[in-house]
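Visitor: Residue strings, one per chain:
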Amino acid sequence: MKLTERIYKRRTYFDGGIGTLLQKAGLPSGEMPENWNLTHPDVLRDIHLAYMNAGANVITSNTFGANCLKFDNLETMIPAAFAAMQEAKALFDGERSSVYLAFDMGPLGKMLEPLGDFPFEQAVECFAKSVRIAETCGFDLILIETMSDLYETKAAVLAAKENSTLPVFVTNAYDETGHLLTGANVASVVATLESLGVQALGANCSLGPQQMVDIARQYLEHASLPVIINPNAGVPRVENGHTVFDVDAQAFSLIMREIAQLGVQALGGCCGTTPEFIRLLLQKTADVPFSAPQKKETTVISSYTHAVTFGKKAVVIGERINPTGKPKLKDALRRGDLDYLVREGIAQQESGAEVLDVNVGLAEIDETATLVKTVKELQSVLNLPLQIDTVRASALEQALRIYNGKPLINSVNAKQKSMDTVFPLMQKYGGAVIALTIGEDGIPATAEGRCALAKTIIDEAARYGIDKKDIIVDPLCMAVSSDDNAGRVTLDAIRLIKRMGVKTCLGVSNISFALPDRPAVTAAFLAMALENGLDCAILNPCSDEIMRTLRACVMLAGNDAHCEDYIAFAAAHPRAAVSASAAPQTQKKDELPELMYAIVKGLSAKAAAAAQELLEKEDALQVIETQIIPALNLVGERFEKGVLFLPQLLMSAESANAAFSVAAQKLPQSEESRDRVLLATVQGDIHDIGKNIVKVLLQSYGFEVLDLGKDVPPQKVLEAALQYDVRLVGLSALMTTTLDSMQETVALLRERAPQVQTLVGGAVLTQDYADLIGATYYAKDAMQSVHFAKRVFGR
Amino acid sequence: MSEVFLSVGNAQTIRINRREAARYLGYRGVLAPDAEALFDVCERELRAVAAPRAVWRTSPVQSDEALVTFSFCKVESAALAKNLSGCKKAFVFAATLGAGVDRAMLRLQKTDPAKAAVFDALASAAVEGWCNEVNEALSQGRQTCPRFSPGYGGVALRHQADLLQFLDAQRKLGITLSETFFMSPVKSVTAVIGIRRDEDETH
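As you go down the protein sequences, you meet chains U and C in turn. Just so we're aligned: 674 in this note's numbering is position 674 of the first sequence, and the numbers increase by one with no gaps anywhere. Numbering-wise, this note's numbering comes out as the position in the second sequence, counting from 1, plus 795.
Hints listed in this document are in silico derivations from the structure and should not be mistaken for laboratory results. As the structure is a computational prediction, the values presented were derived from the model and not from experiment. All residues carry an ideal CB built from backbone N, CA and C; glycine is no exception. Hints are supplied without guarantee of correctness; some may be wrong.
[Unchecked claim] Only part of the chain C face toward chain U is listed, based on derived beta-carbon distances under 8 angstroms:
| id | residue |
| --- | --- |
| 1 | GLN904 |
| 2 | VAL913 |
| 3 | GLN965 |
I would like the entire structure built from these sequences, with the hints used as guidance.
Guide: Written out as structure tokens, the structure reads:
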């Protein structure tokens with residue numbers, strides 16, 4: 001019987017730890033255990049055989065760290081590891097057909113971007129190298145284990161799927177709070193991995209069997225696939241001043257019995273467990289009846305921290321990251337200013353969005369590259385699941401690939417071409433999809449017509465093995481101003497489609513197009529749609545009117561315990577009426593004009609408003625020169641005198657920035673007008689807080705900053721300096737280990753772009769070092785970099 | 796019994812020396828009330844995302860003039876040899892505030908640079924405070940030397956890799972190292988603490 005069949009029918013046992021046994025056999029501290037595949041194959045053969053004799057079905061290879069970052073002899077090492085297992089199996093005189101040999105892959109030991117410096121695709125390639133070798137050996141499955149980062153897990157799964165036809169089992173390692181070390185909870189791991197098409201999943205290592213009981217319970221609650229639980233024998237630790245030690249084989253097996261009774265399909269051990277643990281485990285669980293995996297019908301998507309489930313209460317999908325009808329966002333996209341998009345995302349999250357739609361389709365930009373960059377930026381600072389919104393297949397594929405979690409796709413429709421494009425990508429990368437009821441002849445006028453198209457889509461998806469729980473139908477709404485029945489038809493369609501057992505979604509704001517007081521109409525329609533069973537709505541979460549209605553509806557439907565969410569929302573969003581210009585300003589203002597005062601005090605909103613007011617009387621350049629810059633200078637002087645400190649300086653800079661961007665809109669637009677500074681943290685350096693501080697200050701003085709980010713190779717700095725015709729390049733380095741990289745960058749610029757002046761700074765830099773490497777200027781703090789920039793541009 | 800011990804701290808109670816954090820930012824003297832308020836907000840956010848954890852393990856150690864020999868590596872450093880002179884054993888340890896702090900930093904840098912600066916300084920103070928807490932627990936009933944970290948006293952940063960491997964810190968704490976020896980999560984520390992005399996051994 002194949003393992004993938006067996007695991008649905010009988011309890012399957014995994015082997016236990018290898019490391020402890022190797023140490024007992026004489027592996028010296030500091031030597032890599034994988035080397036023993038080549039030097040001590042007999043020891044490994046005996047370990048594998050001992051586990052087979054103990055009753056383990058799945059035997060794992062001694063290749064936990066066998067990746068190209070640690071070894072350059074994988075071509076011989078991995079086959080040697082397999083040979084030892086095969087030899088053990090040949091010697092095994094039990095039932096060989098129920099022994100399966102797993103190729104084991106552990107983490108690479110590198111933190112992936114954005115938290116670390118290791119690129120996602122490079123991780124995929126590292127795993128792929130090992131998988132390609134393993135594929136030729138004759139293993140029965142690939143076991144990806146002890147993964148404590150969801151993104152790296154995805155990289156390993158993709159590598160396995162793209163380079164092998166073997167079944168892929170995955171077990172992750174959790175901390176004492178039930179999260180992976182980079183934050184994912186069980187629900188999000190399960191959603192992501194099931195969607196990527198692994199064959200079984202679960203948890204290993206972590207803290208010990210007792211802590212694993214609750215994790216096992218969570219897996220069983222969320223997973224449709226077989227669940228594997230391989231705890232270690234415990235980590236000695238200090239809890240409330242008491243030292244807690246490992247459990248022994250006896251205690252281990254008793255807890256594992258409890259886990260078996262929960263209904264877990266596969267059990268085994270990890271660090272510190274031995275064949276004796278596995279033997280007792282079999283003995284103690286022999287009479288526990290086997291339970292088959294329970295398929296779950298929930299519609300769920302996830303980010304890299306948590307899952308969002310559809311069906312309980314309406315899910316809010318924020319629509320604002322979309323250039324349609326938004327000139328500022330269009331402008332930001334053209335300039336490549338992704339920070340603007342990120343701030344849009346954060347504002348929506350703070351307003352209550354649970355999922356963010358991401359659409360960057362604009363004729364004049366490279367949509368694929370921009371979408372990938374935007375998704376990466378968003379998922380580096382926002383933990384909401386994303387809805388990838390594009391009609392371009394290449395953009396969709398690349399975005400799905402680098403997405404960290406289980407995404408929502410916007411969208412597929414009933415046209416054959418659309419389904420032929422979207423479903424193969426979903427099949428490979430997973431995700432749930434918004435299905436629009438648009439057919440070859442457009443949008444049907446009747447609810448029944450739209451329902452029929454929904455069925456077409458569901459049936460076609462099934463051909464790809466895509467479950468209908470991953471399809472969320474959007475029956476579309478037309479403007480009621482152009483068709484009296486527009487609202488009615490859509491509401492009927494929602495009800496009919498719900499009867500087919502799928503979830504529904506609507507972009508609600510269309511309904512009120514061309515009508516007065518649109519929010520009122522949209523909000524009423526939303527309320528009606530929710531009452532007809534709508535599961536999620538794509539809307540503007542920053543609109544009070546709509547969110548107020550949504551909260552009220554959720555509460556009235558009985559989904560808001562003690563009315564808490566509604567009350568909190570109402571408290572945070574009082575009805576506008578009285579306040580506005582009520583309280584007159586009574587503070588003393590150091591005799592400063594309004595705008596200068598706001599900047600000095602670091603009040604961004606006030607600074608922007610004051611600038612707006614001034615611009616009605618004065619011209620923009622005058623406002624900048626007589627108010628914004630002098631206010632900044634004042635703050636700068638106080639900073640340099642030590643009267644005021646870095647956080648205040650930054651707040652003032654932010655406020656000046658806010659005022660400056662208001663004024664800049666009134667400035668004549670010209671390409672070369674602004675003085676351009678390029679900033680980068682040098683290659684190998686991933687700390688960029690210092691560089692970011694300099695950036696904020698330079699921007700506040702009206703410099704245009706091109707920020708290349710952190711860990712930037714010298715060549716890239718040079719290319720950007722030439723491409724954008726930059727006169728000043730600022731470089732930051734924080735540690736002694738990256739000073740060489742700074743030197744190299746400065747040298748390259750001096751050689752190939754001698755017109756460029758360089759400004760260097762960072763914790764370990766000194767004037768002497770700056771002179772030594774030939775940098776034009778050394779800035780000991782952020783203010784000094786402003787002084788120097790002013791000098792370069794003759795201000 | 797495995798040899799690596801794990802300690803899980805409480806983010807709500809770890810010590811954060813605010814004066815120290817303020818000093819990192821260049822503050823002198825007493826914090827003004829508005830600065831205090833900003834520090835309060837940042838400290839709350841920090842405690843909400845920090846996950847203080849540490850691992851430690853003992854190693855035999857032998858110090859000659861400028862060479863220190865542990866069971867897992869040799870370190871050339873006169874300063875460390877001096878620090879550990881007379882010790883036969885040392886604690887090797889690693890501590891971290893976890894990846895949640897890094898994520899919060901990434902976000903604050905996009906949304907609020909002033910808060911980002913204060914948050915970063917407080918996190919630096921917090922990881923120091925957490926190391927002190929672990930250090931004190933290890934020094935209970937023992938006579939120990941001052942904590943010593945790679946990057947100081949001529950101990951090459953690359954030795955962080957040896958320490959982390961000895962502690963299995965990647966698996967246990969999620970600490971990884973870049974090519975240039977940056978630790979991730981950023982607010983992480985590796986160190987050795989020499990043991991001069993262990994009360995337990997006198998019995």
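Visitor: Go through the numbered hints given earlier and state which of them the structure violates, listing their numbers in rising order.
Guide: none
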